Amino acid sequence: MSKVKRYISPVILPIFFLILWQFFSVKLNNPIVLPSVTEVLVILARPNSSLLSLGSLIRNTLISILRVGIGYILAILLAIPLGMLIGYSRRIEEFLMPFLNLFRPIAPLAWVPLVLAWFGVASLASIFNIEQGGLYSLFNNIKISMLFIIFIGAFFPILTNTIYGVKSVKKTLIDSALTMGARKKDIFIKVLLPASLPSVITGFRVGLGVAWMCLVSAEMLPGSLAGIGYLITHAYTVARTDIVIAGMISISFVGGLFDLMFQKIEVKFFKWQSMDK
Amino acid sequence: MKNVIEIKGVNKLFLTDKKQEVKALKNINLDIKDQEFVCILGPSGSGKSTLLRLMEGLIDPTTGSINVMGSPLTKPIPEAGFVFQEYSLMPWRNIIDNVSFGLELREYSRKDRYKIAEDILTRFGLKEFTKSFPYELSGGMKQRAAIARAMATSPKILYMDEPFGALDAYTRFQMQKDLIEFWLEEKRTIVFVTHSVEEAVFLGTRVIIMSPRPGEIIADYNIGLSYPRDRWNKEFGKKFQTIMDIMNDIS
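Quick mapping for you: the protein sequence lines, in order, are chains W and E.
So the first sequence is numbered by the working numbering: it starts at 1 and just counts up by one.
So the second sequence is numbered by the working numbering: it starts at 1 and just counts up by one.
Simulated from the structure, these hints should not be mistaken for lab results.
Predicted, not measured: the structure shown is a model, and the values here were computed from it.
Cβ atoms here follow ideal geometry from the backbone N, Cα and C, with glycine treated the same way.
Among these hints, one or two may not hold up.
Said to hold, decoys possible - When the alpha-carbon atoms are kept at most 30 angstroms apart in a straight line, the in silico DSS-like pairs for lysine-lysine are as follows:
no. : chain 1 : residue 1 : chain 2 : residue 2
1   : W       : LYS171    : E       : LYS127
2   : W       : LYS184    : W       : LYS271
3   : E       : LYS234    : W       : LYS271
4   : E       : LYS234    : W       : LYS171
5   : W       : LYS268    : E       : LYS177
6   : E       : LYS75     : E       : LYS115
7   : E       : LYS111    : W       : LYS185
8   : W       : LYS3      : W       : LYS184
9   : E       : LYS33     : W       : LYS170
10  : W       : LYS185    : W       : LYS167
11  : E       : LYS238    : E       : LYS177
12  : E       : LYS75     : W       : LYS185
13  : E       : LYS18     : E       : LYS234
14  : E       : LYS238    : W       : LYS185
15  : W       : LYS170    : W       : LYS184
16  : E       : LYS131    : W       : LYS170
17  : E       : LYS238    : W       : LYS171
18  : E       : LYS177    : W       : LYS184
19  : E       : LYS234    : W       : LYS268
20  : E       : LYS156    : W       : LYS170
21  : W       : LYS184    : E       : LYS75
22  : E       : LYS18     : W       : LYS167
23  : W       : LYS185    : W       : LYS3
24  : W       : LYS271    : E       : LYS238
25  : W       : LYS167    : E       : LYS131
26  : E       : LYS26     : W       : LYS185
27  : E       : LYS234    : W       : LYS170
28  : E       : LYS115    : W       : LYS184
29  : E       : LYS19     : W       : LYS170
30  : W       : LYS264    : E       : LYS234
31  : E       : LYS26     : E       : LYS156
32  : W       : LYS27     : W       : LYS171
33  : W       : LYS185    : W       : LYS170
34  : W       : LYS185    : W       : LYS268
What the hints assert, rightly or not - Short derived list, chain W residues pointing at chain E, Cβ under 8 angstroms:
no. : residue
35  : LEU34
36  : SER176
37  : ALA182
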């Protein structure tokens with residue numbers, strides 16, 4: 001394919017889609033059902049201005065990123081060591097996996113009622129006993145219930161990919177490290193971890209994607225006063241479909257950015273994996 | 001000369017996934033002296049790789065005893081290096097970091113271990129590839145690097161499990177010549193597993209022949225030819241023929 005074609009072909013469908021959207025919005029002439037492209041663009045063009053007195057698009061997006069980030073990091077901290085142990089030891093696998101598999105099919109959203117009963121509107125602010133000031137308004141926005149939902153969403157993809165990564169490490173690599181005098185600790189840190197890292201990174205990528213998708217449901221929980229998911233649900237109740245769509249586009253944009261970031265990491269650091277046969 | 005490896009009455013049973021017992025090795029008795037180049041020859045299923053892993057301490061015998069350098073073996077010891085048939089270099093480390101891995105585990109400083117690894121890589125003709133990654137090297141070079149890595153901690157014994165099995169014929173000949181040269185220069189004990197009669201006769205001072213299912217030693221043969229050996233020599237042909245006849249009888 002020629003260079004020009006390579007740049008053109010990915011944008012053909014999006015442009016066609018925008019044209020169709022604009023055409024139908026003009027024809028329908030009902031901004032609650034379908035606002036026009038331009039109406040949405042106006043909101044996106046001023047991401048710093050406050051919307052529905054809920055703060056700007058950027059501020060809400062950043063709060064969402066913070067929430068997802070915390071829940072996601074907690075998921076990483078638990079899923080990686082657990083996944084490595086399960087992948088390494090048959091016994092630990094037989095002990096833990098049947099139990100963990102009970103939870104795997106449960107969609108993060110299904111946890112909502114329980115999570116609310118357990119944590120209510122408790123936030124990081126209540127955990128750290130912060131009652132006022134700038135930190136309060138930030139920490140109060142990070143509800144335990146939301147973190148839990150996001151954690152659940154990110155945990156399983158990271159866990160399964162780590163297990164898979166460790167299991168597919170060639171036996172010869174472990175044996176050869178043993179012949180050179182490696183102890184168990186060396187095997188984990190110097191062999192299993194680096195060898196499974198490409199797969200772990202794939203887990204990071206999928207996990208972050210799922211965590212980000214859980215966001216809207218997490219931010220619909222009571223006590224939520226900000227965040228891109230909250231902005232969308234609130235805009236919906238006041239029939240501002242243009243803001244709903246602008247919020248959806250922000251979600252897509254940030255999610256795409258995350259994905260791109262991991263793609264770059266995969267290409268830059270794990271060339272050896274695609275080349276190694 | 002004293003024995004570096006003493007194997008007495010070793011049997012090895014494996015359990016298959018269906019919990020069936022498979023007898024991999026039966027009543028193995030074998031002494032290997034210092035600076036010998038022993039080739040263990042046998043068809044597939046004769047347990048020759050299993051025997052080598054037992055000597056290294058990667059697996060334990062079901063019954064019997066193995067003494068290496070005078071003491072019973074319980075796990076891999078620093079005095080022995082191992083070269084695997086498959087490429088066993090760590091694909092995420094460059095060549096010098098692979099070769100210095102054993103030194104890293106022994107907590108040598110970065111400077112010291114690079115110095116040692118560089119010397120070894122130069123000897124093995126891999127000087128230009130210190131910063132290359134395994135995927136950038138040919139099969140022969142990878143095995144060269146794997147041998148260099150096993151030698152980096154200067155072990156007294158080198159175990160090699162069909163190290164040239166995956167190489168093309170020309171590279172294999174070259175590697176065999178280089179290995180002999182290396183062994184003649186600094187005498188070490190080498191135990192070399194192969195299924196090629198020709199390779200065993202070309203390399204070994206002594207050839208141990210094993211039969212399959214269960215793996216048993218059926219012949220222990222001194223080659224007695226001087227090095228470097230010539231494949232087209234009449235004496236070489238005779239030795240080859242003798243061992244080939246034994247091999248034909250068992251399979």
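Here is how each hint holds up against the structure:
Proximity of W/LYS171 to E/LYS127 is assessed by CA-CA distance (about 29 angstroms); at most 30 angstroms being required, the pair is judged to hold. For the suggested pair W/LYS184 and W/LYS271, the alpha carbons sit about 27 angstroms apart, so the restraint of at most 30 angstroms is met. At most 30 angstroms may separate the alpha-carbon atoms for a hinted pair to count; E/LYS234 and W/LYS271 exceed this at roughly 51 angstroms. Proximity of E/LYS234 to W/LYS171 is assessed by CA-CA distance (about 43 angstroms); at most 30 angstroms being required, the pair is judged violated.
Between W/LYS268 and E/LYS177, the direct Cα distance comes to roughly 39 angstroms. Violation of the 30 angstroms bound is thereby established for this hinted pair. Between the alpha carbons of E/LYS75 and E/LYS115 the distance comes to roughly 28 angstroms, so the proposed pair stays at or under 30 angstroms and holds. Straight-line distance between C-alpha atoms of E/LYS111 and W/LYS185 comes to about 23 angstroms, which keeps the hinted pair within the 30 angstroms bound. Between the alpha carbons of W/LYS3 and W/LYS184 the distance comes to roughly 51 angstroms, so the proposed pair goes past 30 angstroms and is violated.
For the hint linking E/LYS33 to W/LYS170, the alpha-carbon distance of about 33 angstroms lies beyond 30 angstroms, and the restraint is violated. Of the pairs offered as hints, the one joining W/LYS185 and W/LYS167 holds, with about 17 angstroms between alpha carbons and a cut-off of 30 angstroms not exceeded. Between the alpha carbons of E/LYS238 and E/LYS177 the distance comes to roughly 20 angstroms, so the proposed pair stays at or under 30 angstroms and holds. This hinted pair checks out: E/LYS75 and W/LYS185 have alpha carbons roughly 16 angstroms apart, not beyond 30 angstroms.
Between E/LYS18 and E/LYS234 the alpha-carbon distance is near 50 angstroms, which puts this suggested pair outside the 30 angstroms criterion. The hinted pair formed by E/LYS238 and W/LYS185 fails the criterion: a straight-line CA distance of about 52 angstroms is larger than 30 angstroms. The suggested pairing of W/LYS170 with W/LYS184 holds, with an alpha-carbon distance near 16 angstroms, which does not exceed 30 angstroms. Simply put, E/LYS131 and W/LYS170 have alpha-carbon atoms about 23 angstroms apart, close enough for the 30 angstroms limit, and the pair holds.
For the hint linking E/LYS238 to W/LYS171, the alpha-carbon distance of about 40 angstroms lies beyond 30 angstroms, and the restraint is violated. About 37 angstroms separates the Cα atoms of E/LYS177 and W/LYS184, which puts this hinted pair outside 30 angstroms; it is violated. With a C-alpha separation of about 56 angstroms, the suggested pair E/LYS234 and W/LYS268 falls outside the 30 angstroms cut-off, and the hint is violated. Of the supplied pair hints, the one linking E/LYS156 and W/LYS170 holds, its CA atoms being roughly 27 angstroms apart against a limit of 30 angstroms.
In summary, the hint linking W/LYS184 to E/LYS75 is supported, as the alpha carbons are separated by about 12 angstroms, within the 30 angstroms threshold. With a CA separation close to 21 angstroms, the supplied pair E/LYS18 and W/LYS167 stays within the 30 angstroms bound. Simply put, W/LYS185 and W/LYS3 have alpha-carbon atoms about 50 angstroms apart, too far for the 30 angstroms limit, and the pair is violated. For the hint linking W/LYS271 to E/LYS238, the alpha-carbon distance of about 50 angstroms lies beyond 30 angstroms, and the restraint is violated.
For a cut-off of 30 angstroms, the pair hint linking W/LYS167 to E/LYS131 stands: about 29 angstroms separates their Cα positions. Straight-line distance between C-alpha atoms of E/LYS26 and W/LYS185 comes to about 35 angstroms, which puts the hinted pair past the 30 angstroms bound. Taking the CA atoms of E/LYS234 and W/LYS170, the gap is about 44 angstroms. The hint is violated against a cut of 30 angstroms. Distance check on the hinted pair: E/LYS115 and W/LYS184 sit about 27 angstroms apart at the alpha-carbon level, within 30 angstroms; holds.
Restraint check for E/LYS19 and W/LYS170: the C-alpha separation of about 24 angstroms stays at or below 30 angstroms, so the hint holds. Note on W/LYS264 and E/LYS234: the hinted pairing is violated, with a Cα-Cα distance of about 61 angstroms set against a maximum of 30 angstroms. For the proposed pair E/LYS26 and E/LYS156, the alpha carbon gap of about 27 angstroms is at most 30 angstroms, so the pair holds. Restraint check for W/LYS27 and W/LYS171: the C-alpha separation of about 64 angstroms exceeds 30 angstroms, so the hint is violated.
Straight-line distance between C-alpha atoms of W/LYS185 and W/LYS170 comes to about 18 angstroms, which keeps the hinted pair within the 30 angstroms bound. Our distance criterion of 30 angstroms between C-alpha atoms is met by W/LYS185 and W/LYS268, whose separation comes to about 27 angstroms. Proximity of W/LEU34 to chain E is violated relative to the hint, the smallest CB-CB distance being about 51 angstroms (cut-off 8 angstroms). Hint status for W/SER176: holds, given a least beta-carbon distance of 4 angstroms to chain E, under 8 angstroms.
A cut of 8 angstroms between beta carbons decides the hint on W/ALA182: the least distance to chain E is about 6 angstroms, and the hint holds.
Hint compliance for this structure: hints 3, 4, 5, 8, 9, 13, 14, 17, 18, 19, 23, 24, 26, 27, 30, 32 and 35 are broken, all remaining hints hold.
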